[in-house]
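Participant: So you can see what is in the structure, the chains are spelled out below.
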Amino acid sequence: MSRKFSADQFHLSTELGKGSFGVVYLADDLITHKQVAIKQLDLEQTDDLLEVQKEILMLSTCIHDNITRYYGCFIKGHKLWIIMEFLSLGSCADLLTAGPFSESIISYICGNVLNALDYLHDSGKIHRDIKAANILIGSNGEIKLADFGVATQLSNILSKRLTFAGTPYWMAPEVIKHEEYSFKADIWSLGITAIELAYGRPPLTEFKSYEVIFEIPKGPSPSLDSGFSEEFRDFVNCCLKMDISDRYTAKQLLLHPFIKIGKKIKKIDILNLLDKKLKWDLEIGKKAKPKYVPTELRSENSNKNKSKSSSNKGDLLNNSNDIHSTIKWDLTLDQNDDGGDTLKNITESVKQLNMNPKMNIVPQSPLNYDEKLKDPIQEQKELDMKKEMIVILNQTFSKVSSKYNLTTSQYDQLVDFENQLIDSFFMNKDDRYRDIFSKFYKIFIKRVMRTENEDLKKLVLPKYYLSEEAELKQFRELTGKKADNKQILREEWTPEPSNRHKNY
Amino acid sequence: MAFLFKRNPKTPGDLVKILNEQVTKLDQSNGSEKKKAQDEATRHLITLKSILNGDDSIFGESAITSQPEILNQLSQEIYSCDILSVLITNLADIEFDSRKIVVLLFNSLLKRKSGNRSPTVDYLVNNPKIITLLMRGPELPEVSLNYGIMLREALKHEVIAKIVIYDPLFWKYFTYVNTDIFEISTDSFATLKDSLTIHEKLVGAFFSNDAIIDRFITSINHLMTAGNYVTKRESTKLLADLIMIKANYKMMSSYVNNVENLKIIMLLLGDRSKNIQIEGFNVFKVFVANPRKEKSVIDILTKNRIRLLEFLETFNKERNDDLFIAEKEYIIQQIHLLPKIVMNEKSGEIKESNLNGKIINEFD
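Protein sequence lines, in the order shown, are assigned to chains A and B. To convert, note that position 401 of the first sequence is 401 in full-length UniProt numbering; the numbers rise steadily by one, no gaps. To convert, note that position 361 of the second sequence is 361 in full-length UniProt numbering; the numbers rise steadily by one, no gaps.
Bear in mind the hints are in silico, worked out from the structure with no lab data behind them. Beta carbons are placed, not taken as given, at the ideal position from N, Cα and C, and that holds for glycine. Do not take every clue at face value.
No farther apart than 30 Å at their CA atoms in a straight line, the calculated lysine-lysine pairs in the DSS-like style are these [claimed, not checked]:
1) B:Lys340 / B:Lys295
2) B:Lys49 / A:Lys125
3) B:Lys49 / A:Lys251
4) B:Lys340 / B:Lys328
5) A:Lys387 / A:Lys458
6) B:Lys193 / B:Lys172
7) B:Lys285 / A:Lys328
8) A:Lys4 / B:Lys274
9) A:Lys328 / B:Lys293
10) A:Lys4 / B:Lys35
11) B:Lys162 / B:Lys129
12) A:Lys54 / B:Lys129
13) B:Lys317 / B:Lys246
Not the full set, but computed from the structure, chain B residues with beta-carbon under 7 Å of chain A [stated by the list, open to error]:
14) Phe96
15) Asp180
16) Phe182
17) Glu183
18) Asn228
19) Val230
20) Gly270
21) Ser273
22) Lys303
23) Asn304
Chain A residues, not near chain B, derived (Cβ > 12 Å throughout) [claimed, not checked]:
24) Leu16
25) His33
26) Gln35
27) Ser88
28) Glu103
29) Tyr210
30) Asn237
31) Glu379
32) Tyr404
33) Leu414
34) Val448
35) Glu452
36) Leu461
Using the sequences and the hints given, assemble the complete structure.
Facilitator: Following this line, the structure appears as structure tokens:
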């Protein structure tokens, strides 16, 4: 901690992630020549600085092999830069896009996370945000818990206004009901994360995030289906006890038979995950993340990306030499010449303090990389849709292939069909064809739904739709009512930040 | 067979004695011997932690069953062998995670009550060097955060807060807050803030002395002008909080009767940061609301009448808090009531203040 950090010691490159808390960048530490992750927190968005300070205090008093190391932080303008250890394989959530993990890998990950949780809980700390996206993997296969504190705390502060900021799928029922916030909440979230790693997504994702907060406390606890081993299913059940006193502690879970399975996992098994992911990215044509582009170029694009750029506001402050003077007061005193001078001295010294050369590390939105013609927002939307569809197809495929013993030819035909679908919806070079295909597909489904031939319906449509057509009607009425609720909720939750922005 | 020579404590008192020996060794030894003492200290501290956490199986058969009794025995030995100052002095030599156990021990002792008294507070008052030791924390980067947590726990007791604010070291905190290391800066600020806000009566008496008031105003003004974003925002908030406390009346009136202070606050009011503007407003309003304003203060306010009114008109408009709206209304009204004529005493000229919205500035 004795090192004094400053912005000129770092060379920012790729954007690693974005959240309610700000942006995370990959950076070169020009002093140690190591790669680090830098999180930029916009303090102007935070009502209570003491909360941030408490979290930094917590970060700096945690050193554990399974927790990403905190190196230090410093203030730049109104942003707090937090320097953290960088783990090159990314998060479990990233790797999960290429398909669910095997049980032994899940066991290995859970064991490592439990070590970290045991350490935290033992020193009276709660992580509050366990999920696959916060479990990072290093190049030696090491597993580390990240985003401990700051991000969560910030979203908690935000949540005073938004009620529930972020995604509540991993939240324990008692947290949602505002009953109690104990370290057992982390154990629940770990159980949900285990399910996420096994299926590719947490339970209840069929609900919107504002609906899921009603679903989780209702119970029963989510569980794994019978396709998984007895040990794994029991492990998840021990994490997901509705009653906090029944729920296991990290220490107890470390002794669970399921954790033993992962002990034989080697570095190569973890690296294989990355391999699979890279191949998958190639297959779906995902582009590499953009490299950092110096600020000089940025001005040309800055308008185009205004909506996405998170740092515009920051530039105002950072680039401005006269940080003080949005308004020019007349502060001269007629009868007291000294007064004017003192003030001049003060402003001079303030100016000098803020005269730092313009910050030329303004990050670049990753979307600049894309073709000029495309609207970056639309592009992102498509990417998200594509990702989601691939996840769904993967889940379907793994379910079918585990249920039925596929021959090579059957396997290949299914893969072909999957590729056809992805191509026609997203990948085909002919834009018009993609549109037409989407229309074609929808009309086809609609016609099947309307057909009088019940056998055809049975063949093509899910059982759910058929047997519950009558109930679907009721369901529709219900959702009609629900829509009112949602409306009310949305009004309450309307965030104010958009107003706050205007004031700079 | 080294383990045969390891002494395992039989009683809480024993444990403190052995720990004391090991920690004292840390100071005096080097190399492998030091490492050994460090490991031993860690081992005993972990035992100590279990005791503090209520695990009473440590002492086996001869165990004293009740938790308060164990703590009682522990603390007797702790006071008599002066282990706290040894632990604190050598904290940097103790292993990273074990330092937190020392903090836990210190804070648990402070919370212990014996009747109406707090024995640890009495002990610290009789051994103020421990407090002085803790106050040096910001100069020791490795342990400054641990020191800060302990010091703030002690500060909750008025008698200790009194030692802290009257210690010459207290003024160093204004310098510590301005250090480049964020953690130390914010930790020092937390200590500074707690010392001045928790015990209102004590601080009110502290601010009855003119020399202290002057020194405080100079120091906080420096933080509000020369600090980084966080320091500026936090120190302005601290000042705004302090001048609203009744017991600090003398300091408040001395602050708002000096036009130099008003200039600083007006600069903050015009800061680009919304949050700093808001904190600045909370000080500014007192200047305006003050029924007996100094002439120089009136002059500056009058000169800027139009701009102030323009600024306040749009200032924080979306904020829906009744108290704030009422305050803003009042301040606007008070500014309207300011005299429209500025008298220049030096030259005897009478100037009409900016009826067209232009500000008369002789130095332009």
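Participant: Check each numbered hint against the structure and report the violated ones by number, ascending.
Facilitator: When the structure is compared with the hints, none of them turns out to be violated.
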